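Chains as they are written, first to last, in UniProt numbering: chain A, 1 to 317; chain B, 1 to 252.
What the hints contain is simulated information worked out from the structure, not anything from laboratory work. All of these numbers come straight from a predicted model, not from anything done at the bench. Hints are supplied without guarantee of correctness; some may be wrong.
Derived DMTMM-like pairs: lysine to aspartate or glutamate, alpha-carbon spacing no greater than 25 Å straight-line [unchecked claim]: (1) Lys42(A) x Glu300(A); (2) Lys313(A) x Asp134(B); (3) Lys313(A) x Glu135(B); (4) Lys104(A) x Glu160(A); (5) Lys210(B) x Glu227(B); (6) Lys210(B) x Asp234(B).
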Amino acid sequence: MDRSGWMLAGLVALLAALSALWMLQGLGAGNRGFVLGLRAGKLAALVIVGAAVAVATVLFQTVAANRVLTPSIMGFDALYVLIQTTLVASFGTAAYAGLPAGGKFLSEVAVMTALACLLFGTLLARGGRDVPRMILTGVILGVMFRAMAGFLGRIMDPSEFAVVQSVSFASFNRVNADLLPIAAAVTALAVGLALRMAPRLDVLALGRDAAVSLGLRHQALVLAALALVSALVAVSTALVGPVAFFGLIVAGLAHALARTARHRVLLPAAALIAACLLVGGQWLFERQLGQAATLSVVVEFAGGLFFLYLLLKGRIR
Amino acid sequence: MIQIEGVSHHIGTAQILRDISTSLPEGRLTALIGPNGAGKSTLLRLIGRLEPLQAGRITVDEHDVARCPTGCLARVMAILGQQTAIASRLRLSELVGFGRWPHHQGRPSADDHARVAEALDAFALTPLAGRFLDEVSGGQAQRAHIAMAFAQDTPWLLLDEPLNNLDMSHARALMVRLRGLVADGGRSVAMVVHEINYAAAWADHVVAMKDGRIFATGAPAEVLTEEVLSALYDASIRVGQHHGRPLVLHHA
Chain A
1 MDRSGWMLAG LVALLAALSA LWMLQGLGAG NRGFVLGLRA GKLAALVIVG
51 AAVAVATVLF QTVAANRVLT PSIMGFDALY VLIQTTLVAS FGTAAYAGLP
101 AGGKFLSEVA VMTALACLLF GTLLARGGRD VPRMILTGVI LGVMFRAMAG
151 FLGRIMDPSE FAVVQSVSFA SFNRVNADLL PIAAAVTALA VGLALRMAPR
201 LDVLALGRDA AVSLGLRHQA LVLAALALVS ALVAVSTALV GPVAFFGLIV
251 AGLAHALART ARHRVLLPAA ALIAACLLVG GQWLFERQLG QAATLSVVVE
301 FAGGLFFLYL LLKGRIR
Chain B
1 MIQIEGVSHH IGTAQILRDI STSLPEGRLT ALIGPNGAGK STLLRLIGRL
51 EPLQAGRITV DEHDVARCPT GCLARVMAIL GQQTAIASRL RLSELVGFGR
101 WPHHQGRPSA DDHARVAEAL DAFALTPLAG RFLDEVSGGQ AQRAHIAMAF
151 AQDTPWLLLD EPLNNLDMSH ARALMVRLRG LVADGGRSVA MVVHEINYAA
201 AWADHVVAMK DGRIFATGAP AEVLTEEVLS ALYDASIRVG QHHGRPLVLH
251 HA
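Could you put together the complete structure from these sequences and hints?
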């Protein structure tokens, strides 16, 4: 087994150990079945969110040909929150809650994918050469989505707004459990497709000119990758809410650890690192620090510092 | 043969190419010359389908560039465009290895590995094969990109300013290598060059462009004359002779 193989095996072992710790630590004598069921649900959510955010970020950075950008910076999750808010505002809480969770989620994913491909596809199809313009457009779109969602929130009924709020702020304690099976299915499908694309993504990372010269169908691959990014961001946002810097920290760590440009290694490495961080971090906060802080705040704080570190070290190109 | 018929191109309101029709001969080393902003790179990028064709028609060995599937064109021509790889954690051997991608689509065979080794050797990159792309100089990275296009092993090789960043000895080595590909390998090369004397010394065919139009075409002895070059660059240019080839003097 080569270096990347050992690294991935090590990450899998670490995740297994952390999962065992999460499931079994401090398990009392009473009602084990209930506690284990509760913990298993949360563990699944953490792993799914980790994999979704990590794979989405690595894919997006390759497509955008840029290591600073993440789907959140470009406003993908704000778009999801806006779609949610618009749905609640136009249907009302009762009708919204009455919709079947799975079907509602899938149609949200479809709308989000279409919109993201339309907005970001036109921006990235020419190879993202104009990086400043792209960052600016992304940031403006993100602010616009957030502002529109905020505006809708202000004019809507307070009880309706409470429904929207659950997706507007990141929380790893309040996982949306009804969505777990469908979220797991969407994530597994998207990650599988991303791995299938991996050799083509390697070529895409050479830059647009080289990729076209090598006969890659550049625009089609960019759109397909963006569609996967949208689906994965929708999954993570629906489960725990927007997590801005988490993807950046994970993608940065994956690149640093894997020391390779091959997506066959990068994608699983990023997903495993993300799952380990989330499971380990959540264990620390819930069981050791007695919920004294929230994981999302620390993730954002550490992620922000890491972002600055990468910028100052000139690692981001 | 590359046939260019009625090609025009504009970016915004700026007209870059104006109704260009010419052909680049097969089995020759063609040099595209001209002042800055003449449209040389744009023409090469249009041939290499790096930019979408706006008007006109371009065929490479009977393959229509606008219609033919891009994967099929990748086995007819390799184009060296702008190098914008973000993957800095890429070893030179891996980068050159991507040149074989049109042939194996991600599953390299023993033959592919042999050709990559050959390409690395041809551009004196074997000692650097294990280095990462961000650990080599601009000229070495440039040679690695040319080696990648070389490994693609296509009948046509299109190079946009391949001599950038190269020192005199590597520039000459590259021209010798390209000359050899044309003379012995039966391949065709089209390249944009700014240093006219490289065209004078090595090219079989010269296409001179100015203001988005073809200004002159033909053998180096016909195009690289005092009269044509002075008009082309709007400056008085002297041309001498050295071993039977034109020698362009910019300081006379």
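Status of each hint after checking the structure:
{"no.": "1", "hint": "Lys42(A) x Glu300(A)", "result": "holds (20 Å)"}
{"no.": "2", "hint": "Lys313(A) x Asp134(B)", "result": "holds (14 Å)"}
{"no.": "3", "hint": "Lys313(A) x Glu135(B)", "result": "holds (16 Å)"}
{"no.": "4", "hint": "Lys104(A) x Glu160(A)", "result": "holds (17 Å)"}
{"no.": "5", "hint": "Lys210(B) x Glu227(B)", "result": "holds (15 Å)"}
{"no.": "6", "hint": "Lys210(B) x Asp234(B)", "result": "holds (10 Å)"}
Every hint from the earlier list agrees with this structure, and none is contradicted.
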